[in-house]
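Number of protein chains: 2
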Amino acid sequence: MNFKLESTDPKSKARTGTLTTAHGEIKTPIFMPVGTAGTVKGLHQHELKNDVKAQIILGNTYHLYLRPGIETLEKAGGLHKFMNWDMPILTDSGGYQVYSLSGTRKINENGVKFQSHIDGSSHLFTPEYAMDIQRSIGADLIMAFDECTPYPCEYNYARRSMHMTHRWLKRCVDRFDSTTPLYGYDQTLLPIIQGSVYKDLRKESAETIASFDLPANAIGGLSVGEPDEDLYEMTDLVCDYLPKEKPRYLMGVGTPINLLECIALGIDMFDCVLPTRNARHGTIYTQNGIMNVKNLKWKDDFTCLDENGTSYVDSTYSKSYVRHLFTVNEALGKQITSIHNLAFYLWLVGEARTQIEAGTFTDWKNKMVVQLAQKL
Amino acid sequence: MNFKLESTDPKSKARTGTLTTAHGEIKTPIFMPVGTAGTVKGLHQHELKNDVKAQIILGNTYHLYLRPGIETLEKAGGLHKFMNWDMPILTDSGGYQVYSLSGTRKINENGVKFQSHIDGSSHLFTPEYAMDIQRSIGADLIMAFDECTPYPCEYNYARRSMHMTHRWLKRCVDRFDSTTPLYGYDQTLLPIIQGSVYKDLRKESAETIASFDLPANAIGGLSVGEPDEDLYEMTDLVCDYLPKEKPRYLMGVGTPINLLECIALGIDMFDCVLPTRNARHGTIYTQNGIMNVKNLKWKDDFTCLDENGTSYVDSTYSKSYVRHLFTVNEALGKQITSIHNLAFYLWLVGEARTQIEAGTFTDWKNKMVVQLAQKL
Numbered sequence: 001m002n003f004k005l006e007s008t009d010p011k012s013k014a015r016t017g018t019l020t021t022a023h024g025e026i027k028t029p030i031f032m033p034v035g036t037a038g039t040v041k042g043l044h045q046h047e048l049k050n051d052v053k054a055q056i057i058l059g060n061t062y063h064l065y066l067r068p069g070i071e072t073l074e075k076a077g078g079l080h081k082f083m084n085w086d087m088p089i090l091t092d093s094g095g096y097q098v099y100s101l102s103g104t105r106k107i108n109e110n111g112v113k114f115q116s117h118i119d120g121s122s123h124l125f126t127p128e129y130a131m132d133i134q135r136s137i138g139a140d141l142i143m144a145f146d147e148c149t150p151y152p153c154e155y156n157y158a159r160r161s162m163h164m165t166h167r168w169l170k171r172c173v174d175r176f177d178s179t180t181p182l183y184g185y186d187q188t189l190l191p192i193i194q195g196s197v198y199k200d201l202r203k204e205s206a207e208t209i210a211s212f213d214l215p216a217n218a219i220g221g222l223s224v225g226e227p228d229e230d231l232y233e234m235t236d237l238v239c240d241y242l243p244k245e246k247p248r249y250l251m252g253v254g255t256p257i258n259l260l261e262c263i264a265l266g267i268d269m270f271d272c273v274l275p276t277r278n279a280r281h282g283t284i285y286t287q288n289g290i291m292n293v294k295n296l297k298w299k300d301d302f303t304c305l306d307e308n309g310t311s312y313v314d315s316t317y318s319k320s321y322v323r324h325l326f327t328v329n330e331a332l333g334k335q336i337t338s339i340h341n342l343a344f345y346l347w348l349v350g351e352a353r354t355q356i357e358a359g360t361f362t363d364w365k366n367k368m369v370v371q372l373a374q375k376l
Numbered sequence: 001m002n003f004k005l006e007s008t009d010p011k012s013k014a015r016t017g018t019l020t021t022a023h024g025e026i027k028t029p030i031f032m033p034v035g036t037a038g039t040v041k042g043l044h045q046h047e048l049k050n051d052v053k054a055q056i057i058l059g060n061t062y063h064l065y066l067r068p069g070i071e072t073l074e075k076a077g078g079l080h081k082f083m084n085w086d087m088p089i090l091t092d093s094g095g096y097q098v099y100s101l102s103g104t105r106k107i108n109e110n111g112v113k114f115q116s117h118i119d120g121s122s123h124l125f126t127p128e129y130a131m132d133i134q135r136s137i138g139a140d141l142i143m144a145f146d147e148c149t150p151y152p153c154e155y156n157y158a159r160r161s162m163h164m165t166h167r168w169l170k171r172c173v174d175r176f177d178s179t180t181p182l183y184g185y186d187q188t189l190l191p192i193i194q195g196s197v198y199k200d201l202r203k204e205s206a207e208t209i210a211s212f213d214l215p216a217n218a219i220g221g222l223s224v225g226e227p228d229e230d231l232y233e234m235t236d237l238v239c240d241y242l243p244k245e246k247p248r249y250l251m252g253v254g255t256p257i258n259l260l261e262c263i264a265l266g267i268d269m270f271d272c273v274l275p276t277r278n279a280r281h282g283t284i285y286t287q288n289g290i291m292n293v294k295n296l297k298w299k300d301d302f303t304c305l306d307e308n309g310t311s312y313v314d315s316t317y318s319k320s321y322v323r324h325l326f327t328v329n330e331a332l333g334k335q336i337t338s339i340h341n342l343a344f345y346l347w348l349v350g351e352a353r354t355q356i357e358a359g360t361f362t363d364w365k366n367k368m369v370v371q372l373a374q375k376l
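First to last, the protein sequences are chains A and B. With the UniProt record's numbering, the residue at position 320 of the first sequence is 320, and numbering never jumps. With the UniProt record's numbering, the residue at position 296 of the second sequence is 296, and numbering never jumps.
In case anyone wonders, no lab produced these hints; they're calculated from the structure. Errors might be hidden in some of the hints.
Which copy is meant is left open, because identical chains are indistinguishable; a pair holds if it fits in one copy or across any two.
DSS-like cross-link-like pairs, simulated, lysine-lysine; straight-line CA separation at most 27 Å [unchecked claim]: (1) K299 / K75; (2) K297 / K75; (3) K81 / K299; (4) K11 / K367; (5) K294 / K41; (6) K41 / K53; (7) K27 / K367.
Predicted model, so just to flag it, every value in this text is computed and none were measured.
Pulled out of the complex, with its shape left as it was, chain A reads as follows:
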């Protein structure tokens, strides 16, 4: 993996760059659609590529490990081939889902013992095994195994957990360095900063993680329920301790406004289920604010879904028609809004990039965060 920092905004810490992987280039800042189980829900791969204009997608190690399982993924030649996606992929380490989905899990220094949310079977994830699994999945960018603390989190727990995450990182790096990719192309390991919403912990974690000198860095443990001010404060603080020349990935963030504010703080990469999950519930994001397509007010509104939208669904389908599809619970409704929201997110980060390059990012961002907060 290679990252080239290209331009910086004069009035903020926003920057643009190009991240090069074995499966192609990624222009940052970028948003990564979440493809939980080897599919971004409701979208064909060509729609992701051509309509959404995704440059990289994310897969969930926990889900892929359980189904289809490592054996099948290895036989397929990795996730790219399994799902027929030839562009970059990032996988998380499985930790987050172990904590959020598994009913019972026991964390100790060795790793996490958990029961599958599907059949209750017992499994053990260790830092080493998380590397092995991600070798089998074969994503271009893979994540260190960490503990993602919840919010709120008591200080002493957050500190102990963070230190364990740091020790786990060492074990991840050792395993990563002593193994080779299975499918003939390079993989890159990203370490994860933790520390909950405590400034001193975040500083310590950022310095520790930076000292590993890996090619990219990630910030975890945010967007877990804390107020936006905490999200921004922690992100701002952490970015100051991370090397400028390496890409920064803020995990699990967020709303369109979150993206713009965090781009201003120096973040290059994002992922979040929000655009697709909300799409499936009829909430879409537009340049002029948030719209609930199920509202009665759209019943006889035959104007196109989003006149400023960049995807064909925005001009092809009317508000009235999409509302109807949700009213009658037809799958096409979710398919349309999912394409819309992802295309909007990709437009948003792409436009942020253009504005940074033009030196106009901050003014544009300040205008956009007002518009984006409106309710349509």
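Use these hints to put chain B onto chain A, whose structure you have.
Using the frame of chain A, we list chain B on its own:
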């Protein structure tokens, strides 16, 4: 509407033709994907057109009448504009769903009183109102209001019902003739033959319906649970009483084998929910037989979904991947199999057309019905 009979098979009653509507030409024999509530489940309109290669789709009057409702459809300028589909549409009369979906319905000479399956509200469909609703929907081809008798059906009930359907047809024609299309293009009314599985009734109904001298004719009350032999015997019998130069539509049929056998009996048009409904349950049709994509045997089969398939999904996705999508209940699985099955149905009728034109239909059909019956 105009129909031009083009070629006939020397060894069967199969024929090809071109049906011209205000929204374009339809090459027969043809299969019409069912778009119940203004959407063929799980497919974008451009997928229907470009991937499935549908030439005409079917809408359900009962569903569209309840939601989005006639008022919205009229404001939209008809169903074509509402769903953004500029090719031909046929709507049924609503009768079939009134009988099959509505919990309580009372049939008398005037019409059918029924309760909505959605909210229990009371509604009355009469032959006249079924015409008015279909004027509002604005399909190119619209169906007379009939009673579709169930199977089995006692002879006297079938006879009385058939006579009422004939009287209703007269009322449909009168209403149709005394009203004009709402959206500036012609609509064509098709009468429906009934008579259950009784030869004398089918003969009487076919003769009566033919005597109305409408531009096309339809056969109803079949594919309601009767054995295939009855389906074929009734279809065969009825076709002999229908004018050769007019298109014949066999409603609600059927399996790929049913299609081929009924094409051989002189049918030009079909519709059925089978390809989409079965697709959503993981059953796909191929030239070599029926395949349940959920079967364990496909777990590690990374060959493409259908090597003989004509749609891009057949070469893009592997059996293993599609099985995985069904295992984890991901929407994309159903989207893929729905495109596959509809593309297969459209390929099947298109190939039948080619074989009829080449004079080789019967031999090909006899070979195909063996292949299609296999289990993969």
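Outcome of the hint check:
With identical chains, the CA atoms of K299 and K75 are at most 27 Å apart between copies only, with a shortest distance of 10 Å across copies and 49 Å within one. Proximity of K297 to K75 under the C-alpha cut-off of 27 Å is restricted to the inter-copy arrangement: shortest distance 15 Å between copies versus 51 Å within a copy. When the C-alpha separation of K81 and K299 is checked against a cutoff of 27 Å, the pair qualifies only between copies, where the shortest distance is 15 Å, while the shortest distance within a copy is 43 Å. In this assembly of identical chains, the alpha carbons of K11 and K367 lie at most 27 Å apart only when taken from the same copy (14 Å versus 74 Å across copies).
For a Cα distance limit of 27 Å, the shortest separation of K294 from K41 qualifies both inside one copy, at 20 Å, and across copies, at 19 Å. In this assembly of identical chains, K41 and K53 lie within 27 Å of each other by CA distance both inside one copy and across copies; the values are 16 Å within and 25 Å between. For the homomeric pair K27 and K367, the shortest alpha-carbon distance inside one copy (23 Å) is at most 27 Å, but the shortest distance between copies (54 Å) is not.
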